[in-house]
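Q: Sequence:
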Amino acid sequence: MAEKYVPKKIEPKWQKRWENDRLYRSEVDWNRPKHYAMTMLPYPSGDLHIGHWFAMTPSDARARFMRMRGYNVMFPIGFDAFGLPAEQAAISRNIHPKTWTYNNITRMQRQLRSMGAMFDWEREAISCDPGYYRWTEWFFKQFFENDLAYRGEALVNWSPTLQTVLANEQVIDGKDERTGQPVIQKLMEQWFFRITKYADELLNFDNLNWPEPIRIMQTNWIGRSEGAHVTFTTEHGDPIKVFTTRPDTLWGATFMVLAPEHALVGKITTGEQCAGVENYVEQAARATEIERTAEGRDKTGVFTGAYAINPVNQARIPIWIADYVMITYGSGAIMAVPAHDQRDFDFALKFGLPIIPVIARNDGLTRSYTRLGAWVTDGFTSALDKAAIPHQVDGSDVYVTPDIDQVDAYAAIVQQYLKPGAWTEIVGGAWLFVFKDAVMPFDSLGSEQRILERCRALEPAVADKRTVMEMLYGVEWYRDALYHDAYGTMINSGEFTGTPGIKTDDNGEQQRYAKQAVSHWLEKQGIGQATVNYRLRDWLISRQRYWGAPIPVVFTDGGTIEAVPEDQLPVELPEDVQFMPTGQSPLLFHDGFLNTTASDGSPAKRETDTMDTFMCSSWYQYRYLSPDYDQAPFDPDEGAYWLPVDVYTGGAEHATLHLLYTRFFTKAMRDLGVFDDAAAIAGKNGRNPDELINEPMTVLRNQGQILGEERRGDVIEAAGRADGEKLFADHVKVIDPSTPRVNEPDRIVGEIMRRTEDVLRVDTGDGNQRTVEITSGAVVDIPAIPGKNDVNQLKHHLEIQRMSKSKGNVVDPDELVAQYGADTVRGYLMFAFDWQKGGPWDSQGIQGVVRWLSDVWGLFAEPTADAPGEASAVETTAVEATGDDIATLRRKVHQAIKRVTDSLETFSFNTAIAALMSLKNTLQTMQQTPVIHSDAWDEARNIYLRLMAPFAPHIAEELWGRHGYGYSVHLQSWPEYDEEAAAEQTITLVIQVNGKVRDRIDVPADISEEEAKKLALESESVLRHMSGKAPRNVIYVGERGMINIVV
RNA sequence: GCCGAAGUGGCGGAAUUGGCAGACGCACGCGACUCAAAAUCGCGCGGGGUAACACCCAUGUGGGUUCGACUCCCACCUUCGGCACCA
1 MAEKYVPKKI EPKWQKRWEN DRLYRSEVDW NRPKHYAMTM LPYPSGDLHI
51 GHWFAMTPSD ARARFMRMRG YNVMFPIGFD AFGLPAEQAA ISRNIHPKTW
101 TYNNITRMQR QLRSMGAMFD WEREAISCDP GYYRWTEWFF KQFFENDLAY
151 RGEALVNWSP TLQTVLANEQ VIDGKDERTG QPVIQKLMEQ WFFRITKYAD
201 ELLNFDNLNW PEPIRIMQTN WIGRSEGAHV TFTTEHGDPI KVFTTRPDTL
251 WGATFMVLAP EHALVGKITT GEQCAGVENY VEQAARATEI ERTAEGRDKT
301 GVFTGAYAIN PVNQARIPIW IADYVMITYG SGAIMAVPAH DQRDFDFALK
351 FGLPIIPVIA RNDGLTRSYT RLGAWVTDGF TSALDKAAIP HQVDGSDVYV
401 TPDIDQVDAY AAIVQQYLKP GAWTEIVGGA WLFVFKDAVM PFDSLGSEQR
451 ILERCRALEP AVADKRTVME MLYGVEWYRD ALYHDAYGTM INSGEFTGTP
501 GIKTDDNGEQ QRYAKQAVSH WLEKQGIGQA TVNYRLRDWL ISRQRYWGAP
551 IPVVFTDGGT IEAVPEDQLP VELPEDVQFM PTGQSPLLFH DGFLNTTASD
601 GSPAKRETDT MDTFMCSSWY QYRYLSPDYD QAPFDPDEGA YWLPVDVYTG
651 GAEHATLHLL YTRFFTKAMR DLGVFDDAAA IAGKNGRNPD ELINEPMTVL
701 RNQGQILGEE RRGDVIEAAG RADGEKLFAD HVKVIDPSTP RVNEPDRIVG
751 EIMRRTEDVL RVDTGDGNQR TVEITSGAVV DIPAIPGKND VNQLKHHLEI
801 QRMSKSKGNV VDPDELVAQY GADTVRGYLM FAFDWQKGGP WDSQGIQGVV
851 RWLSDVWGLF AEPTADAPGE ASAVETTAVE ATGDDIATLR RKVHQAIKRV
901 TDSLETFSFN TAIAALMSLK NTLQTMQQTP VIHSDAWDEA RNIYLRLMAP
951 FAPHIAEELW GRHGYGYSVH LQSWPEYDEE AAAEQTITLV IQVNGKVRDR
1001 IDVPADISEE EAKKLALESE SVLRHMSGKA PRNVIYVGER GMINIVV
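Counting from 1, one number per residue, gives the positions in the first sequence under the numbering used here.
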């Protein structure tokens, strides 16, 4: 027998040889097309995770595929090596961040090499190397000198736990996304990058092949909204600028709200409101983001005592402050239009502020309520019937829903039947109050007062209502007709009344007409102008940390800020630092670092903040081009050839962080001329330079996440002393899982769901969980584990969830490689999951890949001619292979080429491997036939190894060499697909009757339509199902080999 | 609440984008080999139904479009991800 497949014997050997031969070294070659493939660089946390393998090895397979297809492929690797964990290790374990980081990098380099990936290690970039962060600092300096970096005071997210600020993108639900610790709002001087300058350009994804969900997330994150700035004025002449997306609702602005932090708050607050306002402002400042949102929907706020004048109708409206208005968006002040904005509506209702509708409903929903006997006399409903006005009667309650054009007729009927001292109202599609002697429209602050006075006088039950809307809100049936936010026709809006909300223009496009019309008018009046606002805020890059790239500026004694001269870059991090238990940055206390001189020689202090690590990873794709280059961030000769990144792979969690930042970075670099030299060289070589410089990565694909495996907990029988719900067990035994569950006070049979030390939670199968505490002298008996057992050997249930050390569900790739070999681990990761989706790990499933590779090994390692083994079953020497067999073999091989190729193109690694397994099955069957003496057999095996080389590079190389094909399989070209060879000679014609399959017949592939139809109509089964009826229609789908007969 | 993705055998997943649902695997069952087990090999494997066919049901649920729907449209349910007073 031939030797067995032992990955350990071949994998390290080839890894060493490939590296020694610089097999994967990528060099500029203008005669070949380039392909820059890149996976997101890892953070050196200590050990490579199975997630890294899942991200990187399929990407490697695809890079290898592109290389075999003739591309000059660059597939680099590096480390995102600055960041907080290193500093936390320093504080808690007294290891220097640099030592910790480089130790981890060394370990991870070895682990990365065990993947057998085609990384070009000569391009490795490590962001905490001074040679790297020199250029990170250089970029800061360029940004600073070109007004893309600025120092500003802003309300920032401060983490008291980490003693640093965080970017908006790093704060989720008011908590730090990494530690889950709460974040508070704090006013601080910080460094910002002007990413908002590029907001509009970042919304443009033309020519980017990125997943739609990522584009949507970025679009939402940027949050562009079109509207207008309008300037209101206080009674005392202070202007208050507001932003609104609905200038068409201006006439409905019945109050204003300022953010508690708004600059004008102190100035306008009147004496008697002072105490309340100060109190509220202070409370708002103290609240963390969580508290602010945890309060839920209930609005809070206080009146300032001041009034503003609505510039469109001169209405005098109160000014409030409330924390639902944020200082960070727009101008930190709003005009409130409670009739058409949900938040303003809630606020107005709670605080009794007037609500005046100024936009007509699009759905026409109109309602009116009255009471028979109490408010209207008999005969009312028959009058409604006569006028065909829709209504429903429930006891004495009458619910009327008139059409818009019936409103006047309805009002007249109401008046006729109304009892003295009563009224009713019409809401929604029209706003009318019908009294015996008058019909009063509800259309302005003035009419609000008049209606309210009258109703209060008539009806004691509404005497305490502060507004008309509050009164109407008391009728539950009215509630959903009181507020809407549709783009309807303007009403109650002076000369604009009647302006339609939406108009279709000459191109058939729907335009928000009223909005535009009012915006124009505002501009002409000089009280406002059309504006665009963004949710996106400038990128805060300061971190009050040690382990990051220093911000290369100094503060002079004169109070100015100077960038460090280029020839003094990088500002290096001092290594002799003391870490504080408080978590404060040691740079604050390092005199040698702090004290320096300004350009004129006068004393100056260094900036002690360092840069957000997303800064380092925003440009690493450029550093990979030439990690040792010291004239510029990258060598323009390399950039001209390799840029941009063709395929970028990584996790979707970076949608609005890294991926937005790196796009911004590239655009900023372009505008600063950083790409000029490279672009010129590209142009000289006949490439369009624009391709290089607008976007960093052309194609983006996200892999999913590998989750922990589900595990059943041990089923135990526990007996002992019961104490209420709890059982103190002195005997615990692991038993067969199929044993029926028992839940008696002193005896339990069930599955261990959780275990904390010696306390178990046991699922007793009757919907209950009991607590079992194992007493100190208890006997623990686990039959499967010989010897004396203890509590720690009991297995508890594991649910499917993210892997983490604390949950005990981590899969260690090193162990898997030791057990199965890298090729198997690669193959399994690619085969078992939809790569873009991920899923829970399954430790059994890997057997499929183990068998695949050992079958392939058997198929090749076995010499065919004189094998005494399986092959001897066939009388091989005597018989010639038939032409049919050869054709079949070649057909299967070429069909596989197509399937593997198509799958790799679309990142469908699982179907690519399925195709390879399938072809392996065919080859195994064919191995039993004389076809093994044909050239076609040799060709098949040669192609097989080339097809599998991207997935399982080591075994492919080994078998390739053993077959005398030379070195290396990874220098071979991808097999050519021969369509003719792949074509089927016979096909199975599927015959349906009324869409249901009734027969299948084998026919020649080139059968004519007439012939196929004829055969179909002759089929016995088909005739039976047609039950004598004539076909009404026969649909023939030639390319699918299908006929549908409709009767 | 808003935005996005997904829902297919016991499990992971296929299905050329409207044309034979369940490829390729895992697990499982039966058989062979073995003293035995593992490994390996052969057969089976969505549910119902039948002696066996036939046939019926089946891609989260309910409708619709179509000769034909896992695929398209409408409504709903569930799970996961993102955002969350953004004026």
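Hints may be right or wrong, so weigh each one.
[What the hints assert, rightly or not] Each computed DSBU-like pair below joins lysine-lysine, with the alpha-carbon atoms no more than 35 Å apart: (1) Lys892 / Lys996; (2) Lys920 / Lys9; (3) Lys892 / Lys13; (4) Lys98 / Lys186.
It should be emphasised that the hints constitute simulated quantities derived from the structure, not laboratory data.
Q: Please list, smallest to largest, the hint numbers that this structure does not respect.
A: Structure breaks no hint.
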